[in-house]
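Given the sequences, and given the hints that come with them, work out the whole structure.
Number of protein chains: 2
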Amino acid sequence: MTAQAHNAHPKRRTKEGAENYAKALYELQARGETAVGTTAVAERLGVTPASASGMLRRLATEGVVEYTPYHGARLTPEGERIALEMIRHHRLIELFLAEVLDMPWDRVHSEAEVLEHHISEELEELIAAKLGEPALDPHGDPIPDRHLEVHADESVPLTELDPGELGVFSRVSDSDASMLRHLAELEIQPGATLLVRGREPFGGPVMVEVAGRTHALGVELAGSMRVSRRPGGKR
Amino acid sequence: MTAQAHNAHPKRRTKEGAENYAKALYELQARGETAVGTTAVAERLGVTPASASGMLRRLATEGVVEYTPYHGARLTPEGERIALEMIRHHRLIELFLAEVLDMPWDRVHSEAEVLEHHISEELEELIAAKLGEPALDPHGDPIPDRHLEVHADESVPLTELDPGELGVFSRVSDSDASMLRHLAELEIQPGATLLVRGREPFGGPVMVEVAGRTHALGVELAGSMRVSRRPGGKR
DNA sequence: GCCTGAAGTTAGTCTCGACTAACTTTGAAT
DNA sequence: ATTCAAAGTTAGTCGAGACTAACTTCAGGC
Chain R
258 MTAQAHNAHP KRRTKEGAEN YAKALYELQA RGETAVGTTA VAERLGVTPA
308 SASGMLRRLA TEGVVEYTPY HGARLTPEGE RIALEMIRHH RLIELFLAEV
358 LDMPWDRVHS EAEVLEHHIS EELEELIAAK LGEPALDPHG DPIPDRHLEV
408 HADESVPLTE LDPGELGVFS RVSDSDASML RHLAELEIQP GATLLVRGRE
458 PFGGPVMVEV AGRTHALGVE LAGSMRVSRR PGGKR
Chain H
258 MTAQAHNAHP KRRTKEGAEN YAKALYELQA RGETAVGTTA VAERLGVTPA
308 SASGMLRRLA TEGVVEYTPY HGARLTPEGE RIALEMIRHH RLIELFLAEV
358 LDMPWDRVHS EAEVLEHHIS EELEELIAAK LGEPALDPHG DPIPDRHLEV
408 HADESVPLTE LDPGELGVFS RVSDSDASML RHLAELEIQP GATLLVRGRE
458 PFGGPVMVEV AGRTHALGVE LAGSMRVSRR PGGKR
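These protein sequence lines map, in sequence, to chains R and H.
To convert, take the position in the first sequence, counting from 1, and add 257; that gives my numbering.
To convert, take the position in the second sequence, counting from 1, and add 257; that gives my numbering.
Since the hints were derived computationally from the structure, they do not count as laboratory data.
Be careful, since some hints might not be right.
Just so you know, same-sequence chains aren't split out, so a pair can sit in one copy or run between any two.
Think about it this way: if two alpha-carbon atoms lie no more than 16 Å apart in a straight line, the pair counts; the simulated EDC-like pairs of lysine to aspartate or glutamate are [said to hold, decoys possible]:
| # | residue 1 | residue 2 |
| --- | --- | --- |
| 1 | Lys387 | Asp410 |
| 2 | Lys387 | Glu284 |
| 3 | Lys387 | Asp359 |
| 4 | Lys272 | Glu356 |
| 5 | Lys272 | Glu378 |
Rendered as structure tokens:
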């Protein structure tokens with residue numbers, strides 16, 4: 258009867274490992290075409306390539322990834338399901354913390370990073386219901402729906418806009434707390450309309466006007482900001 | 258730089274173990290006077306006595322418990338702090354889930370059991386603030402305050418009341434989902450006023466009147482229900 | 001005061017996921 | 001075509017925390 262304990266714990270640990278690797282793979286696959294390399298996965302998870310190599314091999318036997326030694330890995334449909342489930346959890350939690358508990362924008366990410374592995378399906382549903390089945394998290398990233406479908410995102414990096422173009426700031430592509438904090442200080446939040454004034458040459462900043470004020474945004478920052486193009490404004 | 262990963266993970270795992278043992282010890286110490294036996298701890302955590310023995314020895318070296326081989330263990334002040342922190346987390350989460358997300362009464366316990374280990378101090382504070390620094394969780398158990406002080410609880414088991422006495426139902430002493438469900442069906446909730454009608458002899462049920470209806474509550478159930486005595490009613 | 005059964009402990013094994021160190025494969029540049 | 005650095009893999013170790021099996025200590029009954 259006590260034997261169940263032997264089963265119960267190991268399962269959970271195993272699960273969390275798989276979830277983190279699946280999520281990392283998913284995010285790396287997003288723009289990285291064919292297969293994702295061991296080192297890239299290792300870096301993203303903060304482990305050594307040796308550890309990632311071992312783990313990928315194990316996940317392959319469990320049907321979560323397809324793995325060809327020396328040639329990288331890709332998620333199987335099952336692996337993708339796991340990744341999307343985690344991303345849904347993550348983003349719902351982020352939005353929930355920001356919306357319901359007023360947790361600051363730049364701190365929800367790290368909290369969600371750990372909670373995403375520990376909420377039940379039931380709680381996930383309750384949170385989604387409470388928020389009205391939202392489509393975007395507080396960073397503007399799309400939240401996979403109940404069936405794990407991700408709805409298209411038409412945003413482009415801010416650096417894509419030409420001078421004179423208008424865009425609505427939708428999100429920061431990576432969850433970097435210092436960027437978020439900086440933007441909050443400038444009072445640039447998702448939903449804000451930006452007018453691109455110009456671009457300094459040689460990696461110089463992008464000049465944008467927001468709510469009547471003009472800011473100089475560094476290349477790194479501007480490259481991470483996603484905006485939806487808006488017609489008009491060019492004059 | 259990647260070396261930190263070696264440090265980060267192990268710490269967290271270790272912590273969760275200590276937290277669970279501390280909580281178990283605390284609850285067993287509550288009524289169990291002197292020292293708590295290895296087997297009792299093992300049973301509560303669903304592990305073998307051998308495992309508990311090893312873990313208690315390790316926790317002793319970490320200053321969480323005081324442990325005399327063959328003679329049981331007791332929490333140190335540090336251990337008690339850990340236990341109370343977990344209990345505060347647990348009860349705040351229970352109340353939060355019930356209150357804010359309308360999660361059914363009998364399901365909040367298992368969800369809180371896992372989340373209690375994973376919320377940050379910051380989130381704990383936000384939840385407490387959102388709920389208005391509550392003193393009782395949805396089962397009526399007291400929530401340790403921000404400084405981990407537990408405020409007294411004057412309730413007694415329902416079986417203590419004599420026929421004719423009135424009591425206000427405050428909580429169920431253990432978190433047994435089936436009891437909670439059963440009470441919910443009878444529409445007996447914390448805050449309800451009960452009038453003890455009588456007691457059948459030889460381990461028979463306690464007859465109570467609630468909101469005009471009379472129910473027969475088995476000894477086991479009645480023994481787990483805590484009530485606060487109310488003056489009057491004896492006629 | 002001894003003896004026995006219950007409670008507790010020790011020894012040795014397992015899995016998981018990380019690590020380091022040493023080796024192998026790959027592929028781009030000459 | 002060869003070479004060689006970067007990317008990847010294997011082998012062996014570690015720590016946590018569980019397990020089983022076998023041994024030890026304790027305490028109550030006679």
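Consistency of the hints with the structure:
Proximity of Lys387 and Asp410 under a CA criterion of 16 Å is satisfied in neither setting, with 23 Å inside one chain copy and 34 Å between copies. In this homomeric assembly, Lys387 and Glu284 never come within 16 Å of each other (Cα to Cα): the closest approach is 27 Å inside a single copy and 34 Å across copies. For the identical chains of this complex, Lys387 and Asp359 are neighbours both inside a copy (15 Å) and across copies (9 Å), given an alpha-carbon limit of 16 Å. In this homomeric assembly, Lys272 and Glu356 never come within 16 Å of each other (Cα to Cα): the closest approach is 29 Å inside a single copy and 30 Å across copies.
Proximity of Lys272 to Glu378 under the C-alpha cut-off of 16 Å is restricted to the intra-copy arrangement: shortest distance 15 Å within a copy versus 25 Å between copies.
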